[in-house]
Every structure is written in structure tokens, then in C-alpha cells.
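Engineer: Letter by letter, the sequence shown follows residues 1 to 405 in the UniProt record's numbering.
Hints were generated in silico from the structure; no laboratory data involved.
Treat the hints loosely; a few may be bogus.
Said to hold, decoys possible - Pairwise CB distance ranges, derived in the manner of DEER restraints:
id: 1; residue 1: S41; residue 2: R404; range: 42 to 52 Å
id: 2; residue 1: E52; residue 2: Q119; range: 27 to 37 Å
id: 3; residue 1: T358; residue 2: Q232; range: 14 to 24 Å
id: 4; residue 1: T358; residue 2: V402; range: 33 to 43 Å
id: 5; residue 1: M1; residue 2: M184; range: 26 to 36 Å
id: 6; residue 1: E246; residue 2: N56; range: 43 to 53 Å
id: 7; residue 1: G233; residue 2: A279; range: 37 to 47 Å
id: 8; residue 1: G280; residue 2: L90; range: 52 to 62 Å
id: 9; residue 1: G62; residue 2: R165; range: 50 to 60 Å
id: 10; residue 1: E118; residue 2: D43; range: 33 to 43 Å
id: 11; residue 1: E229; residue 2: E182; range: 42 to 52 Å
id: 12; residue 1: D43; residue 2: D270; range: 46 to 56 Å
id: 13; residue 1: S390; residue 2: E229; range: 20 to 30 Å
We treat Cβ as the ideally placed atom computed from N, Cα and C, and that holds for glycine.
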Amino acid sequence: MTDLVVYNAAELATPTENDPLETTANGAVAIDDGIVVATGSTDEVTRAYPPENAANSIDATGQTILPGFVDPHTHAVFGGTRADEFTAKLEGASYQELLEDGGGILRTVRSTREASREQLVETLVAQLDVMLAHGTTTAEVKSGYGLDVETELKLLEAIAIADERHPIDVVPTFMGAHAVPEGMAADDYVDRVVEDQLPAVADAGLAEFCDVFCEAGVFSVAQSRRVLEAGQGAGLSAKIHAEEFERLGGSQLAASLDATSADHLLQATDDDIEALGDAGVTPVLLPGTAFSLGAEYADAAAFEAADVPVAIATDFNPNCYSQSMEFAIDLACNGMRMGPAAAIRSATSTAAAAIDRTDGTGTLCEGAPGDLVVANVADHQHLPYNFGVSTVQTVVKDGEVVHRE
């Protein structure tokens with residue numbers, strides 16, 4: 001008996017190997033044992049997999065079937081809130097000014113150190129609930145609000161526990177090099193990351209990736225290289241926050257290290273884009289960050305012109321408080337002027353590449369994980385066209401319905 005058949009959809013839309021977003025009218029998907037076993041027109045799929053013979057079925061008449069969204073860049077586990085800093089930014093304070101005054105990341109570090117592991121787990125699970133309601137089925141989550149061995153491990157343990165408790169697949173990233181602690185020189189703190197934190201994280205087996213904030217006033221290219229090379233030596237794949245406020249050379253560093261992704265990239269040049277593409281590094285653009293800062297968006301058109309596919313992500317954190325990949329798609333289209341098909345690919349299959357998922361995650365091709373969204377829109381174009389609202393009606397993870405409006 002087939003686990004699930006979704007049928008009669010106005011449109012089925014999925015990235016494929018040969019098409020950035022292949023669409024099928026009156027589409028259907030069949031899932032068995034958590035894996036997509038058939039996709040295509042309703043006539044074709046239901047002949048092989050009759051809905052009446054399935055353990056569960058969904059009549060998606062008038063709706064669109066999409067792959068579950070993949071959010072490849074979040075800072076979703078932290079203590080406290082910074083809502084008042086949102087107001088301060090509206091009154092003219094810059095991100096760097098808040099950080100220099102002991103706010104920003106360092107303020108969240110203090111709150112996170114005070115929080116218990118269980119408090120962090122409960123908060124993270126609640127954030128994952130919101131992500132799921134907006135169609136996310138796989139999400140990367142970074143540590144980085146501890147800046148010491150004990151708290152970084154506490155954060156990664158919370159991520160692991162939340163992954164066990166929640167339907168979303170949670171991908172853990174160690175980011176001890178997120179900021180420089182108060183009263184410490186950057187070089188001295190890099191010593192602590194490399195000599196103390198990374199060995200403890202590696203011994204605990206709690207992370208897949210190592211990330212660093214390569215930015216003026218935070219970590220230089222040389223310091224970032226040291227952190228990422230140590231991470232690679234400990235078995236963690238490299239990611240990097242690069243070219244957000246100033247162009248330091250983080251993109252070129254990512255290319256030289258064969259990093260999995262380089263993220264932000266608002267100040268990336270054509271040479272940076274070419275280097276990332278040649279090295280197979282996935283660029284991750286974060287339109288919600290530009291939106292929340294009132295900054296210019298990353299130049300998605302430059303990446304498209306260079307034939308370098310980009311991923312998009314929420315960058316959910318206390319400074320960019322949006323858990324919704326639907327909103328990220330809206331901003332990719334209405335802010336970065338990406339087409340709907342390109343934006344959806346960036347939120348699914350290319351986003352999966354940004355976290356080294358090569359099993360078909362982010363697609364609905366045969367053999368892919370059975371993760372999908374049924375959205376109450378007539379076709380994929382209506383998803384960003386109808387911006388500012390949630391159109392997600394049903395979310396399926398590994399063939400099981402895990403959210404329904």
C-alpha cells in the first residue's frame with residue numbers, strides 16, 4: 001500500500017536535472033516509505049498508484065504542489081530578544097553601532113549564556129513550528145551565541161535535541177567565530193575557537209559545518225581562513241559569511257577552500273561571482289537581511305548573468321526576525337527582481353546544495369525524500385505574486401502530513 005498520493009493539483013512544480021522548474025498541469029505525486037516513487041500528471045500517477053489504495057491521499061484541486069522548502073542559513077537558537085534594537089535601527093542606529101555599544105550579537109550572547117539547554121530547546125522547537133507552517137521541511141541552524149566552549153556545546157546539543165523532537169530535518173553548523181567577546185582581541189579569540197571550541201565540537205560530533213563571520217571589525221580574511229581550515233581539519237565542511245557590509249575577500253577565501261557555501265554577498269564583485277562558480281561554492285543570498293536593515297539587496301542578476309545559481313534563505317536571527325521561506329521568496333522576486341521559477345528553485349534544490357544535500361532534497365523527482373508543500377495558489381507564479389500572506393495549506397515530511405491549515 002502506498003503511503004501517500006497527492007493528486008488533481010492545478011500545477012506540480014519541481015526543479016529537475018534538466019529544468020530549473022518543471023511544471024505539470026493536473027499534477028500528482030506518490031510517496032512510499034518516505035520516498036517519491038512517481039510524479040507527473042494525475043492520470044499517469046493515479047493509474048499506477050490509485051489514491052483509494054493509499055494509506056493517505058490529498059485531493060489538491062485548484063492548488064499547487066511544490067517541494068518542501070529548504071532554509072540553508074538560520075541562527076534560530078538563541079536566548080532573549082532584541083525588539084528594542086529594531087526600534088533603534090528605525091531611528092537611525094546602524095548594526096555596527098549597536099554592536100560597538102554592547103548590543104547586537106553580544107547582547108544575545110549574554111542572554112543565551114543565561115538560558116538553560118531545555119529553554120533553548122523549547123524556544124527552537126517553537127521557531128521550527130513557525131518555519132514548518134510556512135513550508136520549510138529542512139533547515140540549517142547555527143550556534144554562535146555562546147562564544148565559549150560550554151555555551152557553544154549547549155547550543156549544538158539543543159539543536160540536536162530539537163532535530164529529534166521536530167519533523168523538520170535540522171542541519172547543525174558550528175559558528176563559534178560569530179563575534180569577538182567583550183574585552184578580548186580577535187587573534188586571541190581565534191586561538192580559543194581553534195584550540196578549545198573546535199576540538200570539543202568535533203569530539204562531541206554535534207556539527208556538520210563550520211562557519212565564520214568574515215567582516216570588517218569582526219574577523220579578517222586571515223583569521224577566517226585559520227578558523228575554517230581548522231574546521232576542515234576537524235571534519236567540518238566550510239561555510240562563510242562574506243561581503244555583507246564591506247568586500248574583504250571572503251568570497252575568494254571560500255573558493256580557495258572549496259567551501260560548501262558563501263552567504264550574504266551584498267558587496268560581491270563579478271570576479272567574486274566567477275570564483276565561486278568555478279569552485280562550485282553555492283552562493284546564498286539573504287533578502288530578509290537587506291529588508292530588515294533597509295539596505296540594498298544582493299545583485300541576483302549578476303549571478304544569473306554569470307550562470308551561477310543562487311540559494312536563498314531567511315537568515316532568521318534576532319536581527320532579522322522572519323522564519324518564513326515564503327517571505328524570502330516574496331523578497332527574492334519583489335526585492336531582488338528574480339523570476340518566480342528562479343526564486344523557488346533557489347528556495348529548494350539550490351538551497352539543498354548549500355547544505356550538501358545530494359539525495360534529491362528540494363525536488364520531487366523519483367527517489368527524492370517525500371517532502372512537499374501543497375499551496376493554495378493556482379500555479380507557482382502566484383506564490384510571490386500573492387506576497388505578504390501564507391498560502392501553505394499542507395506540509396508533508398517523509399510521506400507523512402505534518403502540518404495542515
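Engineer: Would you pick out the hints that fail for this structure and give their numbers low to high?
Structural biologist: 1, 2, 4, 5, 7, 8, 9, 10, 11, 13
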